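> Given next are the chains, with one letter for each unit.
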Amino acid sequence: MSTLLKVENLTKTYGQTTAVDGISFEAKEGEVVGLLGPNGAGKSTTIHMLLSLLEPTEGSIEIFGKDLKAHREEILQHINFATAYSMLPHNLTPYENLKIFALLYGVQQWRTAAESLLEEFNLAEFRNARTGSLSTGEQMRLVLAKAFLNSPKLLLLDEPTASLDPAVARDLRQKIYYKMQENNGTILWTSHNMREIEAMCDRVIFMAHGKIVADDTPENLKKTFQSGDLEDVFIAIAGQPSPKI
Amino acid sequence: MNFLHVYGIFLRNIILIRRSIGRMFGLFFFATFELFLWGFITIWLRDLAPKDARIDFVFLLLTGLLFWDLFIRAQQSFSISFLEDVWSRNIMNFFATPVAMKEFIAGLALISLVQGFLTFIYIGGLAVLLYALDIWALGFYMIPFFMNIFVFGWALGLIAIGLLLRFGPAFEILAFFIPMMFLPFSAVYYPVSVFPEFIQQAAFFLPTMHLFEGMRQVLTQEVFPLSDVLWATGLNILYFALGLAFFLWMVRVARKKGLIARLLQD
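Chains as they are written, first to last, in the UniProt record's numbering: chain W, 1 to 245; chain P, 1 to 266.
Fair warning: there could be bad hints in the mix.
[Unchecked claim] In silico DSSO-like links for lysine-lysine, alpha-carbon gap of 27 Å or less: (1) Lys-66/W x Lys-223/W; (2) Lys-66/W x Lys-222/W; (3) Lys-223/W x Lys-69/W; (4) Lys-256/P x Lys-6/W; (5) Lys-256/P x Lys-69/W; (6) Lys-211/W x Lys-102/P; (7) Lys-66/W x Lys-51/P; (8) Lys-66/W x Lys-102/P; (9) Lys-66/W x Lys-28/W; (10) Lys-51/P x Lys-6/W; (11) Lys-211/W x Lys-179/W; (12) Lys-51/P x Lys-69/W; (13) Lys-222/W x Lys-211/W; (14) Lys-102/P x Lys-69/W; (15) Lys-69/W x Lys-211/W; (16) Lys-6/W x Lys-222/W.
[What the hints assert, rightly or not] A few chain W residues facing chain P, derived, Cβ under 8 Å: (17) Ile-235; (18) Ala-236; (19) Ile-237; (20) Ala-238.
[As the list claims (entries may be wrong)] One-sided excerpt, in silico: chain P residues whose CB lies under 7 Å from chain W: (21) Ile-15; (22) Arg-18; (23) Ser-193.
These are computed hints drawn from the structure, not numbers from a lab.
Quick caveat: nothing in here was measured; it's all calculated off a predicted structure.
Each residue gets a CB set at the ideal place from its N, CA and C atoms; glycine is no exception.
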């Protein structure tokens with residue numbers, strides 16, 4: 001498997017505060033990598049830097065072997081993301097939202113792509129409803145449908161199943177997994193649901209206080225921390241004191 | 001330039017306008033309201049004036065009004081299209097797409113052109129019906145006039161969007177009212193010669209002042225105002241370049257300070 005994402009010495013500071021502190025990691029083609037850590041660990045900041053929404057203070061990001069800063073548009077063409085914290089415009093219908101984002105991602109068959117994703121994510125019956133009138137679960141399905149419009153080679157997921165009921169969450173997890181498998185795509189997945197991470201991820205990166213404190217398979221992490229499940233690992237890591245600066 | 005990206009930005013705004021009565025209302029209501037108000041005031045003024053007066057108030061004031069409305073529409077539709085993304089908390093989704101800044105600007109400019117011309121055709125038609133206004137009286141001057149009106153609107157729109165990105169929705173009022181700051185000094189309804197000397201000197205740096213002074217020259221003396229056109233075009237090239245540089249600087253600052261994600265919370 002070739003390296004698809006390579007992050008080196010990535011740092012983000014805001015004045016005196018360091019949100020991400022010199023992290024380095026890689027993700028390979030087809031790999032599902034969990035990015036875990038307590039609130040404020042720097043996960044979302046890292047994802048925002050990978051999406052080019054935020055400029056790193058130091059360090060480099062290489063995706064598909066190219067520097068993100070120098071090849072922003074070219075790289076973003078093959079990346080997508082979904083977050084529970086940014087839904088699609090409420091005043092458009094699901095079909096219009098998908099159609100417009102397909103255009104924004106430069107999808108040639110934009111009408112077909114929008115129609116088929118509505119079907120795949122069980123949203124066809126809401127095709128012409130206002131997005132704002134859909135339930136949280138339905139809106140999240142739409143956000144995920146948007147994330148597959150450009151058949152991404154790298155998918156960034158920021159707590160995609162937060163606030164969903166367990167049945168919907170499981171259904172969506174499976175959908176994400178199979179769709180990315182079709183494409184041999186890589187996923188970087190943040191979540192506070194440890195069972196989800198354990199079920200989905202080949203490897204887990206733990207962050208705390210802006211640094212990577214562990215990077216291994218879920219099985220090895222449990223062994224290292226002598227824990228029965230990832231939740232205990234998480235609590236052990238989250239409980240570690242902040243390093244003195 | 002990826003035209004699918006440009007079309008995506010354009011289509012999104014057209015769908016919103018087509019669907020929303022409120023947005024339609026905004027496009028046509030204020031222009032209609034002003035046309036009625038100024039139209040009847042000028043008819044009254046004309047009746048007060050001596051019968052042999054050389055100036056046709058209705059003609060001059062309403063032509064000024066028509067083109068000032070076009071300028072407002074050009075600027076507002078440009079900035080408000082960006083505000084739609086702020087209001088619908090879509091800013092993060094949008095900035096994570098591969099849309100290049102030049103495509104973003106081209107999309108907003110296209111929306112501005114379409115909305116501007118829609119309003120102009122509507123209000124021009126109404127002025128012909130109500131006041132028998134000859135909107136083609138400007139002749140060939142309309143070409144540089146239109147171009148300059150739009151480009152200055154876009155330059156101000158870029159500054160308004162830059163400020164919105166930097167300071168958040170607290171600055172959204174600018175997207176609506178930035179042209180109003182220039183109205184008194186643009187010589188839309190009166191010649192620049194009525195100003196005190198120092199205001200005349202300051203107004204010289206407004207492309208809109210040259211455009212509306214030129215408009216009056218065409219209408220009253222039937223002379224093509226080459227000097228005014230050249231000044232307006234030169235100033236517009238400068239202001240558009242400055243607006244673009246300011247906008248790109250603000251995008252860089254927003255990316256540095258994490259302001260794009262913060263727009264979701266404000």
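> Now look at each hint and say whether the structure bears it out.
Evaluation of the provided hints:
The hinted pair formed by Lys-66/W and Lys-223/W fails the criterion: a straight-line CA distance of about 36 Å is larger than 27 Å. Annotation: proposed proximity of Lys-66/W to Lys-222/W is violated, straight-line Cα distance about 34 Å (limit 27 Å). Taking the CA atoms of Lys-223/W and Lys-69/W, the gap is about 38 Å. The hint is violated against a cut of 27 Å. With a C-alpha separation of about 21 Å, the suggested pairing of Lys-256/P with Lys-6/W holds against the 27 Å cut-off.
Taken as a hint, the Lys-256/P and Lys-69/W pair is honoured in the structure, with Cα atoms around 13 Å apart against an allowance of 27 Å. For the given pair, Lys-211/W sits about 36 Å from Lys-102/P by alpha-carbon distance, which is inconsistent with the 27 Å threshold. Of the supplied pair hints, the one linking Lys-66/W and Lys-51/P is violated, its CA atoms being roughly 76 Å apart against a limit of 27 Å. Proximity of Lys-66/W to Lys-102/P is assessed by CA-CA distance (about 22 Å); at most 27 Å being required, the pair is judged to hold.
As the CA atoms of Lys-66/W and Lys-28/W are separated by approximately 14 Å, the hinted pair is consistent with the 27 Å bound. For the hint pairing Lys-51/P with Lys-6/W, the CA-to-CA distance comes to about 82 Å; that exceeds 27 Å, so the pair is violated. The suggested pairing of Lys-211/W with Lys-179/W is violated, with an alpha-carbon distance near 31 Å, which exceeds 27 Å. Between Lys-51/P and Lys-69/W, the direct Cα distance comes to roughly 69 Å. Violation of the 27 Å bound is thereby established for this hinted pair.
As the CA atoms of Lys-222/W and Lys-211/W are separated by approximately 20 Å, the hinted pair is consistent with the 27 Å bound. For the suggested pair Lys-102/P and Lys-69/W, the alpha carbons sit about 17 Å apart, so the restraint of at most 27 Å is met. For a cut-off of 27 Å, the pair hint linking Lys-69/W to Lys-211/W stands: about 22 Å separates their Cα positions. Taken as a hint, the Lys-6/W and Lys-222/W pair is honoured in the structure, with Cα atoms around 25 Å apart against an allowance of 27 Å.
For the restraint placing Ile-235/W at the interface with chain P, the shortest Cβ-Cβ distance is roughly 28 Å, beyond the 8 Å limit, so the hint is violated. The interface hint given for Ala-236/W is broken, as the beta carbon of that residue sits about 29 Å from the closest beta carbon of chain P, more than 8 Å. Annotation: Ile-237/W was flagged as interfacial toward chain P, and the flag is violated, the nearest CB pair being 25 Å apart, outside 8 Å. A least Cβ separation of about 23 Å between Ala-238/W and chain P goes past the 8 Å threshold, and the interface hint is therefore violated.
Checking Ile-15/P against chain W by beta carbon gives a least distance of about 6 Å; that is within 7 Å, so the hint holds. Because the smallest distance between the Cβ of Arg-18/P and any Cβ of chain W comes to about 11 Å, over 7 Å, the interface hint for this residue is violated. For Ser-193/P, the suggested interface contact is broken, since its CB lies about 48 Å from the closest CB of chain W, more than 7 Å.
Hint compliance for this structure: hints 1, 2, 3, 6, 7, 10, 11, 12, 17, 18, 19, 20, 22 and 23 are broken, all remaining hints hold.
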